[in-house]
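**Q** Input sequences plus hints: build the corresponding full structure.
For the record, the sequence lines run as chains A and B. All letters in the first sequence, in the order written, are residues 1 to 326 by this note's numbering. All letters in the second sequence, in the order written, are residues 1 to 334 by this note's numbering.
A couple of the hints might just be wrong.
Derived BS3-like pairs (lysine-lysine); straight-line CA-CA distance at most 25 Å [unchecked claim]:
1) B:K285 <-> B:K301
2) B:K267 <-> B:K247
3) B:K132 <-> A:K47
4) A:K225 <-> A:K321
5) A:K51 <-> B:K132
6) B:K2 <-> B:K275
Derived from the structure by calculation, the hints contain no laboratory data.
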Amino acid sequence: MAELAYWEAIRRAHDEEMANDPMVIAIGEDIGVVGGTYKATSGLYQKYGEKRIIDAPISENSYTGIGIGASMAGVRPIIEIMSINFALLALDTLINAAAKIRYMSGGRVSCPIVLRTPGGTAHQLAAQHSARLARMFMSTSGLRVVTPRGAMDACGMLKSAVRCNDPVIFIEHERMYNMREEVPDTEYFRPLEGAEIVRKGTDITLIGYNWSFILCMKAADMLAKDGISAEVIDLRSLKPLDRETIRRSVEKTHRVLVAEEDEAAVGTGAEIISVIIEDCFFALDAQPVRIHAADVPVPYAANLEHAAIPDEHDVYKGALKVLGKI
Amino acid sequence: MKAADQKRLLREMIFFRRFEERCFEAYMEHKIGGFLHLYSGQEAVATGVLEMIRRGQDYVITGYRDHIHAIKTGAPAREVMAELYGKDTGSSRGRGGSMHIFDPTVHFMGGYALVGQPFPLAAGLALACKHKGTDQIAVCFLGDGANNQGTFHETMNMASLWHLPVLFVCENNQYAIGTRIDRSTAVVDQYKRVCGYNIPSSQHDGQNIETVIDAAAKAIDHVRSGNGPYFIEFLTYRQRGHSMSDKTAAYRSREEEVEWAKRDPIKLYSEKLVKAKVVTDADIKAMEHEVLNEIENDIVKFAEESPAPKVEDLNKFVLDDSPDPRWIGPLQNS
Ligand SMILES: Cc1ncc(C[n+]2csc(CCOP(=O)(O)OP(=O)(O)O)c2C)c(N)n1
Ligand SMILES: [Mg+2]
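**A** Okay, here's the thing in structure tokens:
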């Protein structure tokens, strides 16, 4: 086992998949000569050449569309969009084309693309670099949406995403690229579907994904000091959602909190709490709580940004609220 | 061109016209739903260009006015009609309808409703051909209106930059719904618009099928020989409204329609072939008769008699229906 940073894990997945299958290519802005804004493809241009690591002009909708078109004819593109904010320019081709082509063609044409993009808030990047749009993709039929929480899933899930026959929106996180985690030295895959109970507990279920999962883990440590045993679930896949794992956990703990970095309205927390109400309402002993961002465009000033975006203390306090302790 | 080929092309165009006009009737009878965009008047463009590709190998993609492009590429006309009828035997199993005909078995990669969306998809198909090192090409048919989308400019840039084997066919029928081209577009000669991307281009009469064929042959040869993309513009005219609800009177004159009717591609070609003694008027009558018979007694019959998709299958085709558990899981919690 070696420790890899999240970005190194992404890079390793590219490298292994490109070595494995000549049909795998990567396309994105500054991914080649520069090696990627977050280094996720560094060195691969030198190794695989400009035909397979393609530096694209700043035309998100059309280079994503080119990837989708190529995927319809047997190529397996990994498309990088520098920030999920810029993916808004590619929504036509992602939502109107990639997500719908299999269905509209009666299952005869598929679009096996992976669209990788960092989708959280970093530090003081202000409103136009801090959108968290997972919920928008999560509500689109025909897409898969995954959110790896660390190097292990980042590498293993990216490899699975490349081999999967569906369009996969692969949401990374600016604050996580340098986080390190042990991963096997030999090739491994991690499945795209299935939430994971990462920490077992009995008193409350904390549910998060990528960054908000990390907040849940930190909050669980804080709760443990108070003698509270929190179970922590990493959703891993926002679409499809693993309702079964959520239900089983809530039936055990009877209390639940959902954390997301995004605004609340029509969001991940809203969806998950609806699912819980539909699947196991009578298992609940307390009102669920959502921890989420303030309903504002993300501000620049550090103190305002801090106030707008949830942290582990917010999750901790939210859990105490569910437990009736505040 | 050989007389037999000329005769076949004329018959094909007659077939395409009758197919579309039969769709019109079926729509009026409420057998076809949704939006229906007919190709009548523009037949020489798709028939001529697609005559010259390697059908089944080259990739073809277009917008929502797609029935004829699909059939000429090789999609069975029965299945196209069944699709319009929303049947399970349709090209897209009844999931797409008129605007979304697909037949990947002949590399017809779809009709798309979003104006301009196929530009990058076509370039992507071409990128795949190039990546595999074959001499296949991609052919993208779109209207004049589509050239005002950002995807036009973005895609022309990348197609040129990366020397992609893609032929862009602009069917300039002068209108985008009811907006005449000079009211929407600063440069009305569409072939000039790709100069800024260093893509060779030309403009031709789209009503004369042999002109289309000659021009397409050169353009296709250019693209197939590894010279990168080519943009070819054909001047043409749609005889019917944009879609079934459009009556055209608000935006174009009767005189204009009459002028263009004189240059109907089927009329022009019939006259030419009669004059050259390739066919007689009686031959044309016989063709019309045969074609109507085939449409009615084979194609429409097939569509009418086919079963509707099963409601139990509503959720099929959203994602891969038989995914590999190695990649998909689900992950098991201990
Ligand atoms: C993105 C988008 N905007 C608007 C429309 C509505 N619309 C459908 S067809 C059309 C006109 C397109 O004209 P043109 O490209 O010249 O094609 P034609 O119909 O003449 O063949 C418009 C505006 C659409 N379908 N998609
Ligand atoms: Mg037009």
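**Q** Each hint: holds or not?
**A** Hints, one by one, checked against the model:
A C-alpha spacing of about 23 Å is found between B:K285 and B:K301, which places the hinted pair at or below 25 Å, so the restraint holds. Between B:K267 and B:K247 the alpha-carbon distance is near 23 Å, which keeps this suggested pair within the 25 Å criterion. The hinted pair formed by B:K132 and A:K47 meets the criterion: a straight-line CA distance of about 19 Å does not exceed 25 Å. Of the supplied pair hints, the one linking A:K225 and A:K321 holds, its CA atoms being roughly 16 Å apart against a limit of 25 Å.
A C-alpha spacing of about 11 Å is found between A:K51 and B:K132, which places the hinted pair at or below 25 Å, so the restraint holds. With a C-alpha separation of about 15 Å, the suggested pairing of B:K2 with B:K275 holds against the 25 Å cut-off.
Checked against the numbered hints given earlier, this structure breaks none of them.
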